[in-house]
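Okay, here's what each chain looks like letter by letter:
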Amino acid sequence: SQQGEEDPQALSIQEGENATMNCSYKTSINNLQWYRQNSGRGLVHLILIRSNEREKHSGRLRVTLDTSKKSSSLLITASRAADTASYFCATGPGGSNYKLTFGKGTLLTVNP
Amino acid sequence: DAGVTQSPTHLIKTRGQQVTLRCSPKSGHDTVSWYQQALGQGPQFIFQYYEEEERQRGNFPDRFSGHQFPNYSSELNVNALLLGDSALYLCASSTTGGAYEQYFGPGTRLTVT
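Note that the protein sequences, when read in sequence, are chains D and B. Take 373 as the starting number for the first sequence in our numbering and just add one per residue. Take 400 as the starting number for the second sequence in our numbering and just add one per residue.
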């Protein structure tokens, strides 16, 4: 079963615009992570936010976490064509749970 | 610093056959996890190996088995292949405890015909 569900499923924007992707999850978490995947290849870790954090930045990325609403958002500012990829949120691991549980992802297309 | 490597890159098998996929973890990592990613879906956790033992398993049948070697590399074996086993198989490594960030390899694309 999938813990996280991303929204929207697909997003198309112009270069320079901001892209926002949302993730909702069902159970309590220790942390939430965002990954990027280019063209069905391996996943690249982008950012991790712990359950006691509300916001985190990394370069052009900004992640927020609202544990009361069981939701997170990923903002990519000043997007580039190279940001075109699928983006996944994943919950866990923590405690005796060692796995990442992924959503279905958001396909982001940045048009030059 | 070598990242996670997987072999082979692509593989085509026939229903009923058996397949072995291989993974070498990132330098300094001792924990290996395997994920299956069907087309258009997110990765699904198969199992994790730590200290040469299967530490946690996802919702996959016993046809899926694995092994971890003393050098921390790992194999994923799938027996009696089904058409539905066609997917991208991803290996991820992490440090002791398997917590937090996992580093993924490029994956092995398995096609079952």
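Fair warning: there could be bad hints in the mix.
Heads up, simulated SDA-like pairs for lysine to any residue below, C-alpha to C-alpha not over 20 Å straight-line [as the list claims (entries may be wrong)]:
hint : chain 1 : residue 1 : chain 2 : residue 2
1    : B       : Lys-412   : B       : Leu-487
2    : D       : Lys-476   : B       : Gly-483
3    : D       : Lys-476   : B       : Asn-458
Not close to chain B: a few residues of chain D, all C-beta gaps over 12 Å, as computed [unchecked claim]:
hint : residue
4    : Ser-384
5    : Gly-388
6    : Thr-399
7    : Gly-414
8    : His-417
9    : Lys-442
These are calculated hints, taken from the structure and not from any lab test. What you are looking at is a predicted structure, and each value in this text was computed from that prediction instead of being measured. Quick reminder that beta carbons are idealized off the backbone N, C-alpha and C, glycines included.
- Message: Hint check: D/Lys-476 vs B/Asn-458, CA-CA at most 20 Å. Holds or violated?
- Response: Holds, because 17 Å separates the two Cα atoms, which is no more than 20 Å.
- Is B/Lys-412 close enough to B/Leu-487, meaning Cα to Cα at most 20 Å? Measuring from Cα to Cα gives roughly 14 Å; hence the hint holds.
- Item | Agreement of D/Lys-476 and B/Gly-483 with the hint, judged by alpha carbon distance not exceeding 20 Å | Holds, at roughly 18 Å.
- Message: The output says D/Ser-384 does not contact chain B. Does that hold with a beta carbon cutoff of 12 Å?
- Response: The claim stands: D/Ser-384 keeps its Cβ more than 12 Å from every Cβ of chain B (closest is about 17 Å).
- Task: Grab the minimum beta-carbon distance between D/Gly-414 and chain B and tell me whether it stays above 12 Å.
- Result: Label violated. Min Cβ-Cβ 4 Å, cutoff 12 Å.
- Beyond 12 Å from each Cβ of chain B, as asserted for D/Lys-442: holds, 17 Å
- Status of the stated non-contact between D/Thr-399 and chain B (beta carbon gap over 12 Å): holds, 15 Å
- Message: So D/His-417 supposedly isn't at the interface. Is its beta-carbon more than 12 Å from every beta-carbon in chain B?
- Response: The assertion about D/His-417 is violated, with a minimum of 5 Å to chain B.
- Message: At 12 Å, judged by beta carbons, does D/Gly-388 keep clear of chain B as stated?
- Response: holds, 28 Å
Checked against the numbered hints listed earlier, the structure breaks hints 7, 8; every other hint is satisfied.
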